[in-house]
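Here is how the chains run, residue by residue.
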Amino acid sequence: MLQLHSVTKRYGDLVALNDVSLELARGEFFGLLGPNGAGKSTTMSLIAGLRAADSGTLTLDGQPLTAANSASRLSLGLVPQHIALYPELNAVENLRIFGELYGLRGPDLRARIDAALEAVQLADRRKDPVKNFSGGMQRRLNLVAALLHRPKLLLCDEPTVGVDPQSRNAIFEYLEQLNREGLTIIYSTHYMEEATRLCSRIGIIDHGKLHALGTLDELLLTLPFEEEVRFHATPATGLLASQLGAYGELTTVDGTHRFRPRADFKFSKLYALAESLELPARLFASQRPTLEAVFLHLTGRSLRE
Amino acid sequence: MRPVFVLVRKDLTNFLRNKAAVSLTFAIPFAMIYLFGQIFGINQKDSGPSGIPIAVVNASTNIAAAKLVDALKSENSLRIITETGPKEKRRPLTESDLRPMMQAAGADFRFAIVIPEDVISDTRLGLHLKFLSNPRNEIETQTVNGLLQKTIFSNVPELLGASLQARAKNFLGDASLNTFNRGIANAIAGAFGGNIDEILARIENGNFGFDQLTKAATTPGSNTGTAGADQKSAMADVFSRIVRIDTEQVVGAKVKSPMATALVGGWAIQFLLFALSASATSLFRERDAGIFQRLLAAPVTRAQILWSKFVYGVLLGLVQLLVLFFAAGLLFGIEILPHLPLLALTCVFAAAACTSFGMLLAAVSSSPEAASGLATFTIMLMSAIGGAWFPISFMPQFIQQFSKLTLVYWSMEGFSAVLWANQGFVQLLPILSILGGIAVVVMSLAVWRFNRGKIFG
Ligand SMILES: Nc1ncnc2c1ncn2[C@@H]1O[C@H](COP(=O)(O)OP(=O)(O)OP(=O)(O)O)[C@@H](O)[C@H]1O
Ligand SMILES: [Mg+2]
Numbered sequence: 001m002l003q004l005h006s007v008t009k010r011y012g013d014l015v016a017l018n019d020v021s022l023e024l025a026r027g028e029f030f031g032l033l034g035p036n037g038a039g040k041s042t043t044m045s046l047i048a049g050l051r052a053a054d055s056g057t058l059t060l061d062g063q064p065l066t067a068a069n070s071a072s073r074l075s076l077g078l079v080p081q082h083i084a085l086y087p088e089l090n091a092v093e094n095l096r097i098f099g100e101l102y103g104l105r106g107p108d109l110r111a112r113i114d115a116a117l118e119a120v121q122l123a124d125r126r127k128d129p130v131k132n133f134s135g136g137m138q139r140r141l142n143l144v145a146a147l148l149h150r151p152k153l154l155l156c157d158e159p160t161v162g163v164d165p166q167s168r169n170a171i172f173e174y175l176e177q178l179n180r181e182g183l184t185i186i187y188s189t190h191y192m193e194e195a196t197r198l199c200s201r202i203g204i205i206d207h208g209k210l211h212a213l214g215t216l217d218e219l220l221l222t223l224p225f226e227e228e229v230r231f232h233a234t235p236a237t238g239l240l241a242s243q244l245g246a247y248g249e250l251t252t253v254d255g256t257h258r259f260r261p262r263a264d265f266k267f268s269k270l271y272a273l274a275e276s277l278e279l280p281a282r283l284f285a286s287q288r289p290t291l292e293a294v295f296l297h298l299t300g301r302s303l304r305e
Numbered sequence: 001m002r003p004v005f006v007l008v009r010k011d012l013t014n015f016l017r018n019k020a021a022v023s024l025t026f027a028i029p030f031a032m033i034y035l036f037g038q039i040f041g042i043n044q045k046d047s048g049p050s051g052i053p054i055a056v057v058n059a060s061t062n063i064a065a066a067k068l069v070d071a072l073k074s075e076n077s078l079r080i081i082t083e084t085g086p087k088e089k090r091r092p093l094t095e096s097d098l099r100p101m102m103q104a105a106g107a108d109f110r111f112a113i114v115i116p117e118d119v120i121s122d123t124r125l126g127l128h129l130k131f132l133s134n135p136r137n138e139i140e141t142q143t144v145n146g147l148l149q150k151t152i153f154s155n156v157p158e159l160l161g162a163s164l165q166a167r168a169k170n171f172l173g174d175a176s177l178n179t180f181n182r183g184i185a186n187a188i189a190g191a192f193g194g195n196i197d198e199i200l201a202r203i204e205n206g207n208f209g210f211d212q213l214t215k216a217a218t219t220p221g222s223n224t225g226t227a228g229a230d231q232k233s234a235m236a237d238v239f240s241r242i243v244r245i246d247t248e249q250v251v252g253a254k255v256k257s258p259m260a261t262a263l264v265g266g267w268a269i270q271f272l273l274f275a276l277s278a279s280a281t282s283l284f285r286e287r288d289a290g291i292f293q294r295l296l297a298a299p300v301t302r303a304q305i306l307w308s309k310f311v312y313g314v315l316l317g318l319v320q321l322l323v324l325f326f327a328a329g330l331l332f333g334i335e336i337l338p339h340l341p342l343l344a345l346t347c348v349f350a351a352a353a354c355t356s357f358g359m360l361l362a363a364v365s366s367s368p369e370a371a372s373g374l375a376t377f378t379i380m381l382m383s384a385i386g387g388a389w390f391p392i393s394f395m396p397q398f399i400q401q402f403s404k405l406t407l408v409y410w411s412m413e414g415f416s417a418v419l420w421a422n423q424g425f426v427q428l429l430p431i432l433s434i435l436g437g438i439a440v441v442v443m444s445l446a447v448w449r450f451n452r453g454k455i456f457g
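Quick note, the sequences are listed as chains A and B, same order.
The numbering of the first sequence is this note's numbering, which starts it at 1 and goes up by one.
The numbering of the second sequence is this note's numbering, which starts it at 1 and goes up by one.
FYI, nobody ran anything at the bench for these hints, they're computed from the structure.
All values reported here derive from a predicted model rather than from experimental measurement.
Virtual Cβ for every residue (Gly too), placed ideally from N, Cα, C.
Take the hints with a grain of salt, since some may be wrong.
Unchecked claim - Partial list, derived from the structure: chain A residues whose beta carbon lies under 10 Å from chain B:
(1) 52
(2) 54
(3) 73
(4) 103
(5) 106
(6) 107
(7) 155
(8) 239
(9) 242
(10) 246
(11) 277
Said to hold, decoys possible - Quick list of simulated restraints, FRET-style, between CB atoms:
(12) B/322 x A/111: 37 to 43 Å
(13) A/253 x B/9: 32 to 38 Å
(14) A/127 x B/370: 45 to 51 Å
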């Protein structure tokens with residue numbers, strides 16, 4: 001459905017996207033995972049035709065995606081990273097403006113607005129000015145404003161920033177429902193939990209480069225280890241940490257040591273080392289690695305950096 | 001085209017929700033217009049007893065002088081004060097009362113006329129009147145001067161006749177003047193009929209029939225068809241034409257219009273500029289909020305976004321200017337309805353120039369703060385030198401040269417051309433062309449800057 005071929009985008013000297021290629025099938029829920037400044041929004045804006053790529057091509061159903069191609073815009077919906085609503089106007093007025101810009105009107109538009117407000121539990125606040133909404137409510141309205149014209153492809157740029165867990169869950173469920181009904185979604189985030197929960201396929205992006213692309217399992221398989229051992233960084237565990245470095249990869253994030261052993265490492269060795277240093281076994285937590293570990297492995301830095 | 005319509009309607013709704021914007025556009029300029037109207041003493045037409053207060057002291061025993069006082073009293077725009085003192089002991093004002101009373105803070109009147117004993121002297125031709133003023137402002141003084149001239153010239157011509165007689169007596173001597181007058185009386189009686197003694201008595205009183213002439217002049221339809229009446233009305237024409245030259249520029253409701261028109265136009269344009277700059281600056285807010293992303297991701301072009309702002313600005317300006325002119329019409333008696341089509345046209349052109357100015361401000365600025373700082377400075381400057389605050393004739397010649405470079409000046413020129421000089425479309429065309437030219441040039445600059453500036457970057 002969507003194809004990006006060797007896309008590069010520069011802002012002056014800064015290379016915001018560097019030779020990115022990507023192919024999306026209809027009905028996918030695709031996650032774009034990367035930290036601040038990775039190039040997520042830039043990717044979205046190129047697909048939405050807001051900017052032109054410096055090189056490479058983007059097509060939707062074989063049609064080039066350019067600023068001039070207004071037909072393809074009708075099949076796209078963009079949920080901007082910021083709350084892109086008119087704060088003085090109420091929910092219905094906001095939705096009416098965006099619906100009308102897509103050529104909707106009359107009873108059809110009214111029905112779609114009602115349904116959209118119902119879907120994100122804002123029906124009872126329909127006449128309130130958007131500036132009086134909570135952050136989570138604004139996010140939900142920001143989302144449905146991109147859906148009135150029933151796009152085939154939805155671009156969600158970090159749609160849950162500043163949203164409490166409950167609102168976040170409501171947004172997730174709504175997006176999952178839309179995806180089940182056939183909507184193709186590109187979802188950008190810097191939360192690995194969101195990508196893990198929602199996305200059927202994930203692209204890992206940093207510094208404008210798409211480092212890896214695949215399902216969660218495929219990405220985890222790229223790791224040279226299957227399990228990760230974590231323990232708190234204290235003076236007592238310092239010596240152990242330095243010794244473990246010889247058997248695999250050891251990183252320290254937020255006061256926690258993470259040890260990813262090489263494939264041939266035997267865990268009995270870890271416990272033997274701990275015992276010799278008089279460290280109790282309960283200090284150690286072992287878990288399957290997460291996307292966080294994949295990101296760290298690929299880019300050498302943490303998603304939260 | 002439809003996106004432009006949707007966005008314009010959005011901007012209008014947004015405007016109405018924003019109380020600060022509404023009051024900046026309508027309430028504040030109206031308050032300024034009202035306030036300055038009071039300061040400049042622009043009163044409503046035929047404001048009756050609440051006219052400009054003038055003290056009148058009549059020290060002359062001449063009957064004509066008493067008539068002058070009556071005539072002044074019958075002038076609607078003046079309120080004549082002839083007495084002073086507490087209620088029970090009212091007494092006529094004297095000349096020595098006037099100066100202290102006029103100098104006092106909160107004086108009841110700032111103008112006074114003294115008709116001295118020697119209102120008519122045999123050594124000078126003309127009337128000797130004293131006019132005392134404490135001119136708070138030039139406009140009011142001119143208004144009073146004009147009203148007095150009109151009253152004196154059109155209502156009490158006998159005073160002039162008496163003055164002629166006194167002068168002739170001094171020149172010819174008593175006996176000769178008698179002979180002269182009798183000769184004229186004879187000639188008149190011979191030509192038109194009538195009693196020689198009666199005619200002579202009237203001539204000696206200085207009554208040359210000027211009063212008849214002015215009556216005939218004010219009611220030209222009352223021509224009786226006799227030879228004498230024809231002649232009278234011909235002379236009346238001459239006489240009233242002389243008078244009219246004096247009165248037309250300075251007298252009555254008309255003198256209020258240019259000032260009131262300038263006042264309304266100036267303040268309205270100034271605040272329209274503020275409102276439109278704020279609206280153009282809102283482009284920054286919409287950009288930062290990502291609204292442009294949302295609009296441009298929809299089938300909306302950059303050009304349509306800019307056009308919608310322009311159309312909105314012109315509409316808002318048209319409505320604001322017309323509302324303020326109508327309000328001022330009620331306040332100051334400016335006639336709006338007969339001029340409505342041309343006034344509306346001028347408003348559209350002025351609003352277009354103002355809108356493009358706001359757009360250019362937003363286009364050359366890097367942030368909304370920079371834009372509003374620049375807006376405040378340039379709008380105040382343009383308003384001041386463009387004549388929105390004071391008539392530009394009050395300003396030094398050096399500054400007046402720059403007035404014509406401002407759209408404030410040309411907007412105000414347009415308004416006074418329509419409302420005051422009563423000009424037609426063709427005469428208005430040069431001003432409209434200038435305003436339209438400003439709009440086109442400035443808007444083109446703005447669009448050019450927008451395309452390479454930060455708003456869509
Ligand atoms: N309009 C612009 N002009 C110049 N540089 C820009 C512009 N937009 C983005 N950049 C730069 O391009 C890089 C990618 O930015 P982008 O907004 O795509 O990142 P992102 O992944 O969306 O980050 P975030 O999570 O913070 O939203 C960043 O280094 C950013 O500073
Ligand atoms: Mg972003």
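Tested hints:
1. 52: Check failed: Cβ of residue 52 of chain A comes no nearer than 12 Å to chain B, outside 10 Å.
2. 54: With Cβ-Cβ at 15 Å, over 10 Å, it is violated.
3. 73: 5 Å, holds
4. 103: 7 Å, holds
5. 106: 14 Å, violated
6. 107: Constraint on residue 107 of chain A not satisfied, violated at 18 Å.
7. 155: With a closest approach of 8 Å, the residue 155 of chain A hint holds.
8. 239: 51 Å, violated
9. 242: 48 Å, violated
10. 246: 50 Å, violated
11. 277: At 54 Å from the nearest chain B Cβ, residue 277 of chain A fails the 10 Å test, so the hint is violated.
12. B/322 x A/111: 37 to 43 Å: 39 Å, holds
13. A/253 x B/9: 32 to 38 Å: Hint violated: Cβ distance 52 Å, outside 32 to 38 Å.
14. A/127 x B/370: 45 to 51 Å: Check failed, 36 Å falls outside 45 to 51 Å.
The structure shown violates the earlier hints numbered 1, 2, 5, 6, 8, 9, 10, 11, 13, 14.
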